[in-house]
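Each chain, letter by letter, is given below.
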Amino acid sequence: MKRFISFVKKEFYHVFRDDKTLLMLFGMPIVLILLFGFAVTNEIKNAQIVVCDYAKDPASQEIINKLSVNKSFHLKKALLNHSQIEEEFKKENIKLAIVFPTNFNEDLLHLNKAQIQIIADASDPNTATTLINRATAIIMDYQKQLTLNSNLPYNINPEIRMLYNPELKGATNFVPGIMALVLLLVCVLMTAVSIVREKENGTMEVLLVSPFNPFLVIISKALPFLILSLINLAIILVLSVTLLDTPIKGSILLLVAESTLLIICALSLGLLISNNTKSQQTAMLLSMMGMMLPTMLFTGFMFPLENMPVPLQVIANIFPSKWYYIIIKSIMIKGLGFSAIWKETLILLGTTALLLILSLKTFKKRLE
Amino acid sequence: MKDVELNNIVKTYNKGEIKAVNDVSFSVDKGELFGLIGADGAGKSSIFRILTTLLLPDSGTASVNGADVIKDYKLIRKNVGYMPGKFSLYQDLSVAENLNFFATVFNTTVSENYDLIKEIYIQLEPFKNRRAGKLSGGMKQKLALCCALIHRPTVLFLDEPTTGVDVVSRKEFWEMLKGLKQQGITILVSTPYMDEATLCERIALIQNGRLMTIDTPDNIVKQFPDSLYAVRADNMSKLQHILRNNQQIKSCFSFGDYHHITFQDDIAYSQNELIQTLQSANLKDIEIKHITPSIEDCFINLMN
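Chains U and P, in that order, are what the protein sequence lines are. What the first sequence shows, in my numbering, is residues 22 to 389, in sequence order. What the second sequence shows, in my numbering, is residues 2 to 305, in sequence order.
The following block holds chain U by itself, in its conformation from the complex (with noise of 0.2 Å):
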């Protein structure tokens, strides 16, 4: 036990004494956090539109007024003449044009009809969806206020409503995401490391030709990362819900207890990736290339796992980062209990044992 608990100090020492390390471990969450936060993110805001209004009638004035207060919009422009509009969109980084038709007021008032033109940049078809379906939904509300005072029969109301995630931020959707790339990289990139080091520098052979246990040297290597890595978890969770309002909504205590499982996991894959690699390079590369790509692309936290060809869908089953993500995000953001996730719990148990008994497997008593 004394032994044990002398190997975990050096660990510590070792990665306290390296600002490199230091770094790459408490460094990257906040990164990441800060930058898919605030900067990549796919959520829309302030998307710059331009209003053409030949009817300036209470109507469409309206309309206007609650385009602009909408977060969503940014109100660029009123132009005079609709020919201005497709100049607009070259010259400027117009997402959206709407124009309003003389009498539109009196139409929709008389005819119970009016129209109303918007124009989209769908170079980015999501992005132009999004706002459509937003300004159609300020235009419906309008609608909406002006049923209310008349008794028009037959209207039909779709009610619509967002949820889990009503405001539509995308913090919600990432945040988990996050969490599964960096404790994985995180685990992965530093046992792994952390064993090849010692390898390379030569000190793995000396602790061989020890009495100490080879296997207790991959615990006590594996320990302070978990310490580590759990840390790191509060770092992420205090960042996102102070920083980004995520909300967290189930037991922290099953989020918690679900991160550990996930930080065993990848702890046995950084064992395994160290046992059949020599230098602290490859191990590195394999476990950025290895880790990182298939995290992001196969968890579905930046692409939809469900447009993905059949295939990419059958291979993103053997992610932990896949399963992970599923039940962190049920229990984060609606609130689930054990119940709802215990088959994919079992399936990153089953994962993380296959890994630690391979890596155990072939961990070397010899230097061949």
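Don't read these hints as lab results, they were simulated from the structure. A virtual CB, placed ideally from N, CA and C, is assigned to each residue, including glycine. Some hints could be false.
Just the calculated beta-carbon pair ranges, DEER-fashion [claimed, not checked]: (1) U:T281 x P:L76: 49 to 55 Å; (2) U:L44 x P:P193: 37 to 43 Å; (3) U:F324 x P:L57: 44 to 50 Å.
Listed below are the simulated DMTMM-like cross-link pairs for lysine to aspartate or glutamate, each with C-alpha atoms no more than 20 Å apart in a straight line [what the hints assert, rightly or not]: (4) P:K135 x U:E221; (5) U:K41 x P:D93; (6) P:K87 x U:D128; (7) U:K220 x P:D69; (8) U:K386 x P:D93; (9) U:K385 x P:D59.
Covered by chain U, per the in silico footprint, the following chain P stretches (three or more residues, Cβ under 8 Å) [what the hints assert, rightly or not]: (10) 85 to 98; (11) 136 to 142; (12) 174 to 183.
Once you've looked at the hints, dock chain P against the given chain U.
Positioned in the frame of chain U, the structure of chain P alone reads:
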């Protein structure tokens, strides 16, 4: 009682392509200071790693303390001290931290065996809070030696402990080994430096994975078959050219400031005749003297 024994050890790499150790057998007595002398790539480290249970031999048997290196590897790992060729301590830990760490790994404490490392550690004590990576080469070796000794091993394996260390530190290092030998520790040391060979009690000369000879340094020198002469002149390269092309000269190697030569027939072709030949070739400042061969001369002689 033999502390280390090897019988017909063979070790190959790359699926038999490279023969690192080729049918090597020798034994080391208890309390002996035994040297394995050979150039880089001769197979010294492979032998050390087989004995320290880090590598499995392809064939042959070996034992340390009577324990088989394959079957009883756990027992051997408990009882031997090993210092690999490369400096292999934690560079980012301080001197004291390294020592304490290895003491705990070997289930002991620094104070328990302090008397064994005292003389070495005293020199390190002023730097005890310095990181190991910031020590000089000689200091690093001393620290590594302390760490290898901290559990009072019965056999100590030192793989090229003096490579890359300055001359003064090398001398000190060998003094320490003598001290340790007096404590009854069996020491196996490898080195590429021929001048260090004479400091061992017995040495094995190794080349291309094969042992060329095993004996005391004195006996090896005595077994040198011919009389050896050192020759010098003003133009050394011209001298070498002449010597190499002379039918009467058996061997010629440059050796520092001199060329070391042996004659085919020492009596018939005297030194004077050689001097005359050299003089007629316009060489000046010719000096020729009879010398006792060094281990290196023996090594070169055995190599051919």
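Verification of the supplied hints:
1. U:T281 x P:L76: 49 to 55 Å: violated, 38 Å
2. U:L44 x P:P193: 37 to 43 Å: holds, 41 Å
3. U:F324 x P:L57: 44 to 50 Å: holds, 49 Å
4. P:K135 x U:E221: Status holds; Cα separation ~18 Å.
5. U:K41 x P:D93: Holds, at about 13 Å.
6. P:K87 x U:D128: Status violated; Cα separation ~90 Å.
7. U:K220 x P:D69: violated, 25 Å
8. U:K386 x P:D93: Outside the cut-off at roughly 25 Å; violated.
9. U:K385 x P:D59: Holds. K385 of chain U to D59 of chain P sits at ~17 Å (cutoff 20 Å).
10. 85 to 98: n = 11 at 8 Å, threshold three: holds.
11. 136 to 142: Since three or more residues must qualify, the claim that chain U covers the stretch 136 to 142 of chain P is violated, with 0 doing so at under 8 Å.
12. 174 to 183: Coverage by chain U is violated for the stretch 174 to 183 of chain P (0 residues, Cβ < 8 Å).
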